[in-house]
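There are 2 protein chains.
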Amino acid sequence: MHIQIVGLHAPNAPRLRALLGPGHEVEALLAFPDSGAIHSDVVISNSIGAGEASRLRSRLVHVPGAGWEQIACPSLPSGTTVCNVHGHEVPIAEFTLHAILEHCLRLWQYPAHLDAPAWAQAYANRSQHEEAHGKTLAIVGFGHIGQEIARRARAFGMHVIAVTRSGKKGSADLADEFVPASTLDDVLPRVQCLVICCPLDDSTRGLIGARQLALLPAQSLLVNVARAEVVDEQALYEALRDKALARAVLDVWYQYPKKDQAPVNPSRWPLHELPNVRATPHISAMTPALLDRRYRFMAQNIGRLQQGQPLLNVIYQAP
Amino acid sequence: MHIQIVGLHAPNAPRLRALLGPGHEVEALLAFPDSGAIHSDVVISNSIGAGEASRLRSRLVHVPGAGWEQIACPSLPSGTTVCNVHGHEVPIAEFTLHAILEHCLRLWQYPAHLDAPAWAQAYANRSQHEEAHGKTLAIVGFGHIGQEIARRARAFGMHVIAVTRSGKKGSADLADEFVPASTLDDVLPRVQCLVICCPLDDSTRGLIGARQLALLPAQSLLVNVARAEVVDEQALYEALRDKALARAVLDVWYQYPKKDQAPVNPSRWPLHELPNVRATPHISAMTPALLDRRYRFMAQNIGRLQQGQPLLNVIYQAP
Chain A
1 MHIQIVGLHA
11 PNAPRLRALL
21 GPGHEVEALL
31 AFPDSGAIHS
41 DVVISNSIGA
51 GEASRLRSRL
61 VHVPGAGWEQ
71 IACPSLPSGT
81 TVCNVHGHEV
91 PIAEFTLHAI
101 LEHCLRLWQY
111 PAHLDAPAWA
121 QAYANRSQHE
131 EAHGKTLAIV
141 GFGHIGQEIA
151 RRARAFGMHV
161 IAVTRSGKKG
171 SADLADEFVP
181 ASTLDDVLPR
191 VQCLVICCPL
201 DDSTRGLIGA
211 RQLALLPAQS
221 LLVNVARAEV
231 VDEQALYEAL
241 RDKALARAVL
251 DVWYQYPKKD
261 QAPVNPSRWP
271 LHELPNVRAT
281 PHISAMTPAL
291 LDRRYRFMAQ
301 NIGRLQQGQP
311 LLNVIYQAP
Chain B
1 MHIQIVGLHA
11 PNAPRLRALL
21 GPGHEVEALL
31 AFPDSGAIHS
41 DVVISNSIGA
51 GEASRLRSRL
61 VHVPGAGWEQ
71 IACPSLPSGT
81 TVCNVHGHEV
91 PIAEFTLHAI
101 LEHCLRLWQY
111 PAHLDAPAWA
121 QAYANRSQHE
131 EAHGKTLAIV
141 GFGHIGQEIA
151 RRARAFGMHV
161 IAVTRSGKKG
171 SADLADEFVP
181 ASTLDDVLPR
191 VQCLVICCPL
201 DDSTRGLIGA
211 RQLALLPAQS
221 LLVNVARAEV
231 VDEQALYEAL
241 RDKALARAVL
251 DVWYQYPKKD
261 QAPVNPSRWP
271 LHELPNVRAT
281 PHISAMTPAL
291 LDRRYRFMAQ
301 NIGRLQQGQP
311 LLNVIYQAP
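For the record, the sequence lines run as chains A and B. The opening position of the first sequence corresponds to residue 1 in this note's numbering, with each subsequent residue numbered one higher. The opening position of the second sequence corresponds to residue 1 in this note's numbering, with each subsequent residue numbered one higher.
The set of hints was computed from the structure by calculation and includes no laboratory data.
Every beta carbon over 12 Å from chain A, so not counted as near; a handful from chain B, in silico:
| hint | residue |
| --- | --- |
| 1 | Ala-50 |
| 2 | Ser-54 |
| 3 | Gly-170 |
| 4 | Ala-218 |
Pair ranges (Cβ atoms, derived):
| hint | chain 1 | residue 1 | chain 2 | residue 2 | range |
| --- | --- | --- | --- | --- | --- |
| 5 | B | Pro-77 | A | Asp-186 | 51 to 61 Å |
| 6 | A | Leu-29 | B | Glu-177 | 44 to 54 Å |
| 7 | A | Arg-268 | B | Trp-108 | 22 to 32 Å |
| 8 | A | Arg-59 | B | Gly-170 | 42 to 52 Å |
| 9 | B | Arg-106 | A | Pro-111 | 15 to 25 Å |
Derived coverage of chain A by chain B (criterion: at least 3 residues anywhere in the stretch with Cβ under 8 Å from a Cβ of chain B; other residues may be distant):
| hint | stretch |
| --- | --- |
| 10 | 98 to 110 |
| 11 | 116 to 123 |
| 12 | 127 to 140 |
| 13 | 259 to 273 |
The structure displayed is predicted, hence computed values, not measured ones. Virtual Cβ for every residue (Gly too), placed ideally from N, Cα, C.
Using the sequences and the hints given, assemble the complete structure.
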């Protein structure tokens with residue numbers, strides 16, 4: 001098969017070549033050609049504009065990630081299949097549980113290195129910390145990521161409330177309660193950890209606003225691993241500043257650095273001045289294992305295409 | 001019933017009183033009286049010398065913790081029952097999983113607060129981190145604590161090797177492999193996380209020495225939540241100094257601060273000078289929930305004694 005990896009992921013061509021073995025041609029392109037039909041069996045890219053899409057002559061477009069909002073699906077020639085890959089739920093769930101445990105343990109109160117005076121002082125001033133066990137965790141968005149967070153949180157003895165669009169009851173193996181986003185306010189007073197892992201769309205933008213943050217108990221933790229804008233920016237700043245919310249661990253932001261532009265704060269509000277914010281630069285899913293998992297999946301799907309087997313993770317089929 | 005709480009735990013008398021309700025007398029004593037018989041139904045203490053033990057006239061001695069090495073059991077009058085309490089396995093398992101996730105995520109490489117320049121720099125220099133998923137965890141000691149660590153680690157997709165005295169195969173629900181301590185060396189080259197949670201005795205003192213630390217892969221993490229001396233002090237220092245071991249999270253130590261004595265380092269070797277050691281001052285189990293769990297258990301056992309039901313967690317019955 002002839003496979004083209006185009007754009008940001010082009011440097012991963014050797015990885016795919018190693019997985020596919022001989023008999024396949026893996027071509028790395030930094031960008032699509034400016035004009036003319038683009039012939040190959042498979043295109044791997046996470047960004048295909050309408051003009052490019054219409055010039056593709058491929059059986060399969062494989063997005064090397066979960067999000068496919070940058071693929072101009074309606075412009076693809078009839079018969080083209082689009083697939084995506086997951087796998088980021090594993091590192092994101094680990095990031096989230098780390099944030100919860102860190103919030104409970106509060107190890108930051110002790111120096112990391114104990115010489116004699118620090119040891120005497122730390123031992124004399126040891127203080128109790130919290131347990132995740134028995135606490136209530138609300139997970140807003142209960143797809144791949146939310147379910148992997150829930151699986152781990154329940155092993156810790158946390159009470160898990162899955163907040164979904166419909167509130168449709170799922171398996172009791174997955175969560176203790178299922179509630180629709182429309183009744184989120186009713187459960188928030190019982191919640192000590194609120195994790196945001198839903199897609200950003202018109203129904204979720206600003207879903208967590210001043211009212212929701214005020215309903216959370218004051219000792220609560222908020223973790224956002226989805227998109228910043230699910231949480232109202234000003235309301236988040238004010239709740240943290242006023243200690244209405246004890247702590248936030250934020251991996252996703254309202255403003256991102258842009259090439260050739262002056263540095264910007266990650267928020268228009270001075271979240272970086274608050275001691276109860278743990279900021280991380282959008283790294284929750286950045287693991288070599290993720291890349292490995294995703295390329296193995298794509299290699300498997302390319303094998304299925306070659307052998308005429310049904311493809312996995314089909315997200316669009318051009319009519 | 002007449003209950004005496006003696007010694008360090010005396011300040012918890014109000015907690016027990018509230019749990020037992022009326023009809024019970026809970027007496028707080030900072031120390032046992034110097035002479036004469038000591039009459040009560042129940043004594044709660046974690047330290048009873050031989051002289052004191054022989055003067056007790058109680059049906060039940062309840063240790064308010066797991067360790068009962070400071071109870072002079074052979075000196076107790078015939079018919080005295082000794083019980084202990086657990087519950088520390090929950091916070092210790094949380095501490096351990098936090099240490100594992102922290103080691104994988106390496107968030108310390110990013111500033112906790114991102115203003116515009118820090119955000120631009122951190123975003124440009126994001127780097128991949130590790131996952132706990134798929135890593136191999138050896139748990140030395142597979143009692144209450146080891147099993148709770150295993151339950152959580154397996155929810156993360158870790159491969160768990162239980163290292164026990166006998167190596168007797170346990171349930172596949174608990175661990176992926178069971179090996180005896182005598183063949184520990186054979187599994188160490190496959191282990192990325194080594195957790196020590198066994199009792200300290202003649203068979204475990206120095207169980208992890210220079211040879212064992214050298215067998216671990218260089219990127220490994222060691223977590224000790226048991227007793228320091230299970231790990232050879234000099235060998236640990238040298239392995240960490242020489243990066244033969246990537247990191248250690250140590251909550252238990254070789255030297256403790258003593259009243260009216262000059263401050264001591266936690267180790268005779270300068271572990272506090274090594275950047276790859278995370279020291280905590282023996283706090284892994286210090287949670288209010290633990291105390292609550294343990295006093296609820298003791299109140300339940302006192303109720304059972306009163307009603308003539310079999311006691312729970314009997315560890316010694318004076319003949």
